[in-house]
Amino acid sequence: MTTLDERLVGVRDGGRRALVPYLMAGARPDWTRLLQAAVAGGADVLEVGLPFSDPMMDGPVIQEAALAALAAGTTLDSVCAELGALDLGVPLVAMTYCNVVYHYGLERAAGRLRDAGVLGVILPDLALEELGEWAAVCDAGDLATVLMVAPSTPPARVARLTARSRGFVYAAARMAVTGTAEGLGDGAAVLERVRATSTMPAYVGIGIASPAQARAAAERADGVIVGSALVRRVLDGASPEEVESFVRDLRREIDAT
Amino acid sequence: MSVMGAPDGRGRFGEFGGRFVPEALVPACLELEAAFTEAWADPAFVGEFHETLRLFGGRPTPVTPLPRLSERLDLRVYAKREDLAHTGSHKINNVVGQTLLTRRMGKGRVIAETGAGQHGVATATAAARLGLDCTVFMGEVDTRRQELNVFRMELLGARVVPVTSGSRTLKDAVNEALREWVTCVADTHYCIGSVMGPHPFPWMVREFQRVIGEEARAQLEDLGVGVPDVVVACVGGGSNAAGVFAGFAETRARLVGVEAAGGSAIGHGAPGVLHGMRSMLLQDEFGQIEEAQSISAGLDYPGIGPEHAHLAAIGRAQYVGISDDEVLAGLTLLSETEGIIPALETAHAVAWIANAAGRELAPGTTVLLNLSGRGDKDVAQVRALMRGDG
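Protein chains in written order, with numbering that gives the first Met the number 0: chain A, 0 to 256; chain B, 0 to 389.
Extracted from the complex, chain A is given alone in its bound form:
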């Protein structure tokens, strides 16, 4: 069991539905201040994007944030240096793409991220069949490999994914890349399939944009991931106070379940 597993089981055992805001590292010079604002607003876990030039699983908002971060010179090293200097008090999960960690070197990347306080990593383009080497490195280094279950995942495959996931299972609410949408999509059905195979915390994301959606998701899931709706605000120049306020709105609705 990784540290992230222990921490997230602890959140659930404490009777709390986890709120996981996503922010892109380096999208603005004050991005670490925004992480702190999200924690102040009630985040239980932070998902931090490490920018990649060709983010296949991301919609226009997070693409824009990634390009802004890259234009500002953001790298895995620069992100780890800034994160390492923070004490946020909540677990950090990094999201990036295979090539960023492959190019850095798997062991080296895992070590660098873990040393910076990152407890888990999501690589959306690393399919289960290709996971082996990275998973071994992460298991050895106490870094959780968080896997995604999609609406298209057949039931037999759901069991293999949940067995291999660490920290939590990312239940994709719809067949789509990251973005904003209405409702909970296929989230309930995906959650049901995950629950049938695993007792691991199951978090819902993809298209969850509003406090009302977050509430609907939290009625069924152990946690809710909100990315594009928050990043849109960041790109539009929201102040840390405004970020905190939006996260607090999400928190309030989640806690009302």
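One thing to keep in mind: the hints can contain errors.
[To be verified] Among chain A residues calculated to face chain B with C-beta under 7 Å, some are: (1) M55; (2) C97; (3) V99; (4) Y101; (5) M147; (6) S238.
Everything labelled a hint here was simulated from the structure, so no lab data went into it.
Cβ atoms here follow ideal geometry from the backbone N, Cα and C, with glycine treated the same way.
Dock chain B against chain A, hints included.
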């Protein structure tokens, strides 16, 4: 594994290939792998594929001796005339195969990416023939550079979506097609345009293009040439090269892939993961993908098909770069000596042959040039370049 046989169970050619896609797309890739494996072993499907290429696609394309070019270069050069296939390039082979497979899988729609528009036009063509709905993703920059091809696709009943993300060129069109595929994978096939992407695409596209090499092998026998000393093809993603190489991989023929110097994934790239595959990629020191720069939009791709990366790694094929300046000389040379205006992509291969003649190609060497496409699409651009305002 024989050279250019099937990849391993994970879709690997040596250390390259594989399937690096979001979980949402994995079931579709597995379904496609099963469907293609079954179809390719079914004589009825293979028969319909070849009959469609014959009655609709203009196959077999001839092998043409190039006597005046040969005399000029002191070589014996032959051209496999993919420029004479329907829509003007080898692209038709792949799209005929993939659209037949789409119908067999019970899907009614295809999506595709395109750079210059060749693959987009070919996909729209094959989709129209089978009555499939067709959407083509094309970088906004390319829709402006290749306005006529946009109109061609629309004439064929396709919808063209300008891609405004990233660099707004081919690599972003691939990203956008993959993102779209996530949303509609149940009823839509992604008709990828080259030997790239996640398994089974690199293998499947090479198999649909294999007809080039198999025909050429037999045609050279009929001409009394036998196995040529060298087989030369241009390489962007590498589908025409993979197709022609497949017919000669088990022979003694030397295989040469010619990349654009500004898009030379083998020459200047490093191993990495992009668009669902592990291959050689142009990238910076942080693993961010760099944009290719080439006179020819068809070679403007920062990666290369994984099987080419493997053929390079094991030394079975050699990959060389040709600069934009040399390309125009190659295009002029073939036009003036043989009455064939090649595509700018193909002109890279012509230019390499001309450069190598008398150096690494000894007098009398027999060379098969895969003449992958005709140059009509490039004439306006070439005129501008020659007048110095390109």
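The hints, checked one at a time:
1. M55: At 5 Å from the nearest chain B Cβ, A/M55 passes the 7 Å test, so the hint holds.
2. C97: Status holds, d = 4 Å.
3. V99: 5 Å, holds
4. Y101: Holds: closest Cβ of chain B sits about 6 Å from A/Y101, inside 7 Å.
5. M147: Hint holds; A/M147 Cβ to chain B Cβ min 5 Å, cut 7 Å.
6. S238: 27 Å, violated
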